[in-house]
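Model the placement of chain X with the ligands on the given structure of chain B, informed by the hints.
There are 2 protein chains.
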Amino acid sequence: CTMVKVIDGKGIASGIRERLQGEIRALAAHYKGAKPGLAIIQVGDREDSSLYVRMKQRAAEEVGMHFVLEKLPKDVRQMQLLNLIQQYNDDPKIHGILVQLPLPAHINERVITEAVDARKDVDGFNSANVGKLAKRDETPSFVPCTPKGVLHLIRSTGVDIAGKSAVVLGRSNIVGMPAAHLLMRENATVTVCHSKTTNVKEITRTADILVVAIGQAEYVRGDWVKPGAIVIDVGMNTIKDESKKSGSAVVGDVKYDEVAAVAGAITPVPGGVGPMTIAMLIENTVESAKLALSARLPPIE
Amino acid sequence: CTMVKVIDGKGIASGIRERLQGEIRALAAHYKGAKPGLAIIQVGDREDSSLYVRMKQRAAEEVGMHFVLEKLPKDVRQMQLLNLIQQYNDDPKIHGILVQLPLPAHINERVITEAVDARKDVDGFNSANVGKLAKRDETPSFVPCTPKGVLHLIRSTGVDIAGKSAVVLGRSNIVGMPAAHLLMRENATVTVCHSKTTNVKEITRTADILVVAIGQAEYVRGDWVKPGAIVIDVGMNTIKDESKKSGSAVVGDVKYDEVAAVAGAITPVPGGVGPMTIAMLIENTVESAKLALSARLPPIE
Ligand SMILES: NC(=O)C1=CN([C@@H]2O[C@H](COP(=O)(O)OP(=O)(O)OC[C@H]3O[C@@H](n4cnc5c(N)ncnc54)[C@H](OP(=O)(O)O)[C@@H]3O)[C@@H](O)[C@H]2O)C=CC1
Ligand SMILES: NC(=O)C1=CN([C@@H]2O[C@H](COP(=O)(O)OP(=O)(O)OC[C@H]3O[C@@H](n4cnc5c(N)ncnc54)[C@H](OP(=O)(O)O)[C@@H]3O)[C@@H](O)[C@H]2O)C=CC1
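Protein sequence lines, in the order shown, are assigned to chains B and X. When the count follows the numbering used here, it moves up by one through the first sequence with no breaks and lands on 301 for the last residue. When the count follows the numbering used here, it moves up by one through the second sequence with no breaks and lands on 301 for the last residue.
It is possible that part of the hints are untrue.
Straight-line alpha carbon distances no greater than 27 Å define the calculated BS3-like cross-link-like pairs of lysine-lysine that follow [as the list claims (entries may be wrong)]:
id, chain 1, residue 1, chain 2, residue 2
1, B, 196, X, 226
2, B, 201, X, 196
3, B, 201, X, 201
4, B, 255, B, 196
5, X, 226, B, 226
6, X, 290, B, 201
No lab work stands behind these hints, which were simulated from the structure alone.
In isolation and in its complexed conformation, chain B is listed as follows (with noise of 0.2 Å):
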């Protein structure tokens, strides 16, 4: 029986945010003050989008970003939102446009998603970079920030994932397709499976990488894992914990301590996939800025 290794996600989505600091710090040097600019735009007040918001901007604010929260009533009209976001899509001290999703029933989700700039989604959720995501020999302006810091917690283990059987459970817009995309791009053999799947259990069985993004809790078990697999859980369950003092705790898509049992490595709930999702999203501002920064103003001499 060998030990499992625990990824920390939080370790190393600190040491990302780190070195973009600096490269913030460069940037600002070498394009008189200029600096990255992210603006998120945020509908209503559910309180699990808030609590998204607040750390994204605390992760915006930390590294040295100029950050815009713009919040909008529930209620507010459509067009109104898309002016916004074409406001945004024009200000050229913005880089990066991240508009807080769910939204109310009554905005077109699909609508808002592609009126975001191409060269600003860093979400990367707007149809022309999800085609590129899944074409051969296209490159997306942006990868969506949690699947693009799961391939990094995978590839955190050293692990090489060409021609190795990976089983992604879930196939969301935000999460399970594009960690597909992503590991197909890497040459691994890709299985999705999703709520029509019948013999999850077996397909799972078969995984060398096992991500998990399907939103019930703590649903994967010991015996549904390869020994030694590799296993990352970006679930995030708000459950009834009566040993805590909240009342509530937040566990993951995977039985933690059954799996971690059987896989080779696996990823915590929290301090996993979360805090990368944010260390990506930093990231793809990042880059943004240095594409547009570069393009727009000849550097000092």
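What follows is chain X with the ligands alone, placed relative to chain B:
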């Protein structure tokens, strides 16, 4: 031992073309003689490309479409090709634009593919259309013709695709990847294999539905296939055949006799996927024309 069902792509395609011919007549009656228009641009004179273009032309003319073929010399400059595409983008008589691939090496296939207006991209290759195919709750303007035909043939067997295990061999932009997305959209559990897959034979043996698009003559053998599986052979490979007057024959990526002895249903080569590709091109162009005509002209009362 049950009899294999040979999927009659040729017959199914011919039925579709007949239906489309009727729809084209109805459109002309409705919109003062307006016809769906298809423009094909061929660069150079590769023999295989010329053959495919001739087949598409014949089908388009048979169903009564407006058809334009532009043949450009092999050494045409990319800018000239782009100008021509722009001309057809702007031409209200043209509803579908197809640039025959592959293009000569000095021309950037990506740039050309993106230049075709998404609303006339009847090949479904541009990034926004590919992205919409990959995204849940989105609908691309056009689905690429060959995989669209593949799905049609799978459906023709009467199988309930949801929950079935589907394996796609090959991940090209033209066939493998969009076929995988279409099957996922039908709620199959999809695995994509490619040249870096290590244990392909074990994987194909789990498939209820097996789509093969690798360009390797008679590569998939009888013992790779689960008894009763549906096998769609996209391959078209020219091999030496002394018994033929021409000295050559066209075979699929599947060893037909062996696999037909195991499978529940199989497409022949030729006469399987090939004719469907062309029928789907006509269908995409007719759909495009319907949209354009209904938006542009008021119908005759
Ligand atoms: N750490 C982070 O930064 C982030 C964490 N998350 C977390 O990841 C999880 C997934 O999020 P997201 O992708 O947005 O979720 P979605 O609800 O959008 O998608 C869930 C996917 O899982 C599939 N699924 C649901 N139940 C099962 C099941 N029993 N077996 C197999 N597949 C199933 C669904 O299938 P179908 O398509 O058939 O409906 C769907 O494809 C959530 O817990 C979320 O909180 C999300 C984003 C960021
Ligand atoms: N009937 C019709 O209308 C059409 C037929 N075709 C035919 O379909 C076939 C495929 O075409 P296309 O998709 O354009 O081909 P490509 O050459 O673009 O792609 C081939 C794919 O197959 C994979 N592959 C190659 N060898 C193997 C192998 N030994 N095992 C597993 N995977 C392998 C490649 O993997 P990797 O990605 O790792 O390189 C690649 O993804 C060809 O025979 C072509 O003539 C194509 C279009 C239309």
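Consistency of the hints with the structure:
no.	hint	result
1	B:196 to X:226	holds (21 Å)
2	B:201 to X:196	holds (25 Å)
3	B:201 to X:201	holds (21 Å)
4	B:255 to B:196	holds (21 Å)
5	X:226 to B:226	holds (24 Å)
6	X:290 to B:201	violated (46 Å)
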